[in-house]
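Student: Starting from the structure of chain A, add chain B where the hints point.
There are 2 protein chains.
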Amino acid sequence: MKIPVVKQILSANDAVADRNRQTLAVAGIFGLNLMASPGAGKTSLIMATLDRLGDLRPGVIEGDLAASIDADKIAARGVPVVQINTGGGCHLDAPMIQSALADLPLAEIDLLFVENVGNLVCPAEFALGTARNVVVASVPEGSDKPYKYPGMFAAAQAVVLNKADMIDVFEFDVDYFRRGLEMVNPGVPLFILSCKTGAGMDGWMNWVQIERG
Amino acid sequence: MKIPVVKQILSANDAVADRNRQTLAVAGIFGLNLMASPGAGKTSLIMATLDRLGDLRPGVIEGDLAASIDADKIAARGVPVVQINTGGGCHLDAPMIQSALADLPLAEIDLLFVENVGNLVCPAEFALGTARNVVVASVPEGSDKPYKYPGMFAAAQAVVLNKADMIDVFEFDVDYFRRGLEMVNPGVPLFILSCKTGAGMDGWMNWVQIERG
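So the protein sequences, as listed, match chains A and B.
Heads up: the first sequence begins at 47 in the working numbering, then just goes up one per residue.
Heads up: the second sequence begins at 47 in the working numbering, then just goes up one per residue.
Excised from the complex, chain A in its bound form:
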């Protein structure tokens, strides 16, 4: 007899993800699941987006193995934030989000950022119930990442290439990156930007507004 353990775990996660999706829909919250390598700039993208939100009211769920460094930065801005420490776990899952949602003032949030654990592999396999998956790549990582981590880039509804102010310094091959991305996820929107300088943030902000509907 074959025991499909992995399938059962994933199904359980998906069931909770569906409930999260419903919770967010009822509350009128548009949720973004931000996934990236460590240090690609997930928190920087959240901070730069917060600066440009206008009337939209934000909320944040921060996922980390340990510590609350990023959550502290967000909280200092007066934005509602919940820290999830996975205690070594390599990804967020739907039950963690379900718990975090219970601790957020949902009626006061329009746009929810979920910052996943820094990991370009495992988070892609766990639905959280957010509306969109966003993968944040960054220039110093190199232009071959879509080829090497196809599962993550295939799971994205949008890709951000951050630290674009460093394209010349790192001799980053944008065309090679774009071809790799197109290979694993044809047509996915790509936003080349710098959270530091603000260059390219407009296109990203437009996408957020339009997708939110």
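Do not take every clue at face value.
[As the list claims (entries may be wrong)] With a cut-off of at most 25 Å between alpha-carbon atoms, the simulated SDA-like pairs for lysine to any residue come out as follows:
#1 K119/B - R225/A
#2 K119/A - V220/B
#3 K119/B - I213/A
#4 K119/B - E228/A
#5 K119/A - I213/B
#6 K119/A - E228/B
#7 K242/B - F218/A
#8 K119/B - M229/A
#9 K242/A - D190/B
#10 K242/B - V220/A
#11 K119/A - M229/B
#12 K119/A - P196/B
#13 K119/B - F218/A
#14 K242/A - D211/B
#15 K119/A - F216/B
#16 K119/B - F216/A
#17 K119/B - G197/A
#18 K242/A - D221/B
#19 K242/B - D214/A
#20 K119/B - D221/A
#21 K242/B - D211/A
#22 K119/A - V215/B
#23 K119/A - Y222/B
#24 K119/A - D221/B
#25 K119/A - R224/B
#26 K242/B - D190/A
#27 K242/A - Y222/B
#28 K119/B - D214/A
#29 K119/A - E217/B
#30 K119/B - V215/A
[As the list claims (entries may be wrong)] Cβ pair distances, simulated, as ranges:
#31 P232/B - R103/A: 43 to 51 Å
#32 A112/A - S57/B: 23 to 31 Å
#33 A148/B - G244/A: 51 to 59 Å
#34 D149/B - P235/A: 38 to 46 Å
[Claimed, not checked] Below, a sample of chain B positions facing chain A; criterion: calculated Cβ distance under 8 Å:
#35 I115
#36 V163
#37 G188
#38 K191
I should point out that these hints are in silico values taken from the structure, not numbers from a laboratory.
Yeah, the Cβ is synthetic: ideal placement off N, Cα and C, and Gly gets one too.
Tutor: Just chain B, lined up with the frame of chain A:
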């Protein structure tokens, strides 16, 4: 009744890691398990080390989810290399190394680099049978990584901080990084270097030679 599935998997891995350790010892090979975020510079460190090996004969095992981009670079140097594609798996394990060792000319190798999957979480939990774990961090990732990924940095016998030529550009706080590292892994040697410029490579090469014995 409690079924300790995870424990059994780890034990099975450890048993194979022990056999790998023996295989390498018998062949007189010193093995390094290189772990890092995607794009931190594992392949660059291997290439820069190859340039400085002198009489030591190298071999390489390349771990990736997909593709053989790095293995192609190594092979172009005439160095024996085996590519492991995990097919989505987030880390290398001891049985993968066992298979790869069977495909390498062990009698012609003194120093074996194992380039793990780019992931600052999962690889730390799987012993491969190599002599030393080396964690490669890089400046653009930011100085908070030891605090956020303590398990990985705690598992290291040496830490390399690569892309040191970018310390000023990224306003990288070396002292904060060092304090975090010291917190999770007191006394672990840290090599601050740039594979690109070669600065700091001497200290790393000395460590490799001394540890090899």
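Student: Give a verdict on every hint.
Tutor: Verification of the supplied hints:
Distance hint between K119/B and R225/A is fulfilled; the C-alpha atoms sit about 20 Å from each other, no more than 25 Å. Taking the CA atoms of K119/A and V220/B, the gap is near 20 Å; set against the 25 Å cutoff, the hint holds. Restraint check: the Cα-Cα separation between K119/B and I213/A comes to about 22 Å, which is no more than 25 Å; the hinted pair holds. Proposed proximity of K119/B and E228/A is supported: the alpha carbons are some 23 Å apart, at most 25 Å.
Restraint check for K119/A and I213/B: the C-alpha separation of about 22 Å stays at or below 25 Å, so the hint holds. Simply put, K119/A and E228/B have alpha-carbon atoms about 23 Å apart, close enough for the 25 Å limit, and the pair holds. Restraint check: the Cα-Cα separation between K242/B and F218/A comes to about 14 Å, which is no more than 25 Å; the hinted pair holds. The suggested pairing of K119/B with M229/A holds, with an alpha-carbon distance near 22 Å, which does not exceed 25 Å.
For the proposed pair K242/A and D190/B, the alpha carbon gap of about 18 Å is at most 25 Å, so the pair holds. At roughly 20 Å between alpha-carbon atoms, K242/B and V220/A fall within 25 Å of each other, so this suggested pair holds. Distance check on the hinted pair: K119/A and M229/B sit about 22 Å apart at the alpha-carbon level, within 25 Å; holds. At roughly 20 Å between alpha-carbon atoms, K119/A and P196/B fall within 25 Å of each other, so this suggested pair holds.
Note on K119/B and F218/A: the hinted pairing holds, with a Cα-Cα distance of about 17 Å set against a maximum of 25 Å. Under the criterion of a C-alpha separation no larger than 25 Å, the hint pairing K242/A with D211/B is consistent with the structure, at around 19 Å. Restraint check: the Cα-Cα separation between K119/A and F216/B comes to about 18 Å, which is no more than 25 Å; the hinted pair holds. The hinted pair formed by K119/B and F216/A meets the criterion: a straight-line CA distance of about 18 Å does not exceed 25 Å.
With a C-alpha separation of about 23 Å, the suggested pairing of K119/B with G197/A holds against the 25 Å cut-off. Simply put, K242/A and D221/B have alpha-carbon atoms about 22 Å apart, close enough for the 25 Å limit, and the pair holds. Annotation: proposed proximity of K242/B to D214/A holds, straight-line Cα distance about 15 Å (limit 25 Å). About 20 Å separates the Cα atoms of K119/B and D221/A, which keeps this hinted pair within 25 Å; it holds.
A distance of roughly 19 Å separates the Cα atoms of K242/B and D211/A; the hinted pair therefore holds under the 25 Å criterion. For the suggested pair K119/A and V215/B, the alpha carbons sit about 22 Å apart, so the restraint of at most 25 Å is met. Our distance criterion of 25 Å between C-alpha atoms is met by K119/A and Y222/B, whose separation comes to about 17 Å. A hinted pair counts as satisfied when its Cα atoms are at most 25 Å apart, and K119/A with D221/B qualifies at roughly 20 Å.
With a C-alpha separation of about 21 Å, the suggested pairing of K119/A with R224/B holds against the 25 Å cut-off. Our distance criterion of 25 Å between C-alpha atoms is met by K242/B and D190/A, whose separation comes to about 18 Å. For the hint pairing K242/A with Y222/B, the CA-to-CA distance comes to about 21 Å; that is within 25 Å, so the pair holds. Note on K119/B and D214/A: the hinted pairing holds, with a Cα-Cα distance of about 22 Å set against a maximum of 25 Å.
Our distance criterion of 25 Å between C-alpha atoms is met by K119/A and E217/B, whose separation comes to about 18 Å. With a C-alpha separation of about 22 Å, the suggested pairing of K119/B with V215/A holds against the 25 Å cut-off. Range check, P232/B to R103/A: about 44 Å between beta-carbon atoms, so the 43 to 51 Å window is met. Judged by the Cβ atoms, the range 23 to 31 Å given for A112/A and S57/B holds: they are separated by roughly 26 Å.
Between A148/B and G244/A the beta carbon distance is about 53 Å. The supplied range of 51 to 59 Å therefore holds. A hinted range of 38 to 46 Å for the beta carbons of D149/B and P235/A is consistent with their spacing of about 41 Å. Checking I115/B against chain A: minimum C-beta separation of about 5 Å stays under 8 Å; hint holds. Here the hint on V163/B is kept, as its CB sits about 7 Å from the closest CB of chain A, short of 8 Å.
The closest approach between the C-beta of G188/B and any C-beta of chain A is roughly 5 Å, which is under the 8 Å cut-off, so the hint is satisfied. The closest approach between the C-beta of K191/B and any C-beta of chain A is roughly 6 Å, which is under the 8 Å cut-off, so the hint is satisfied.
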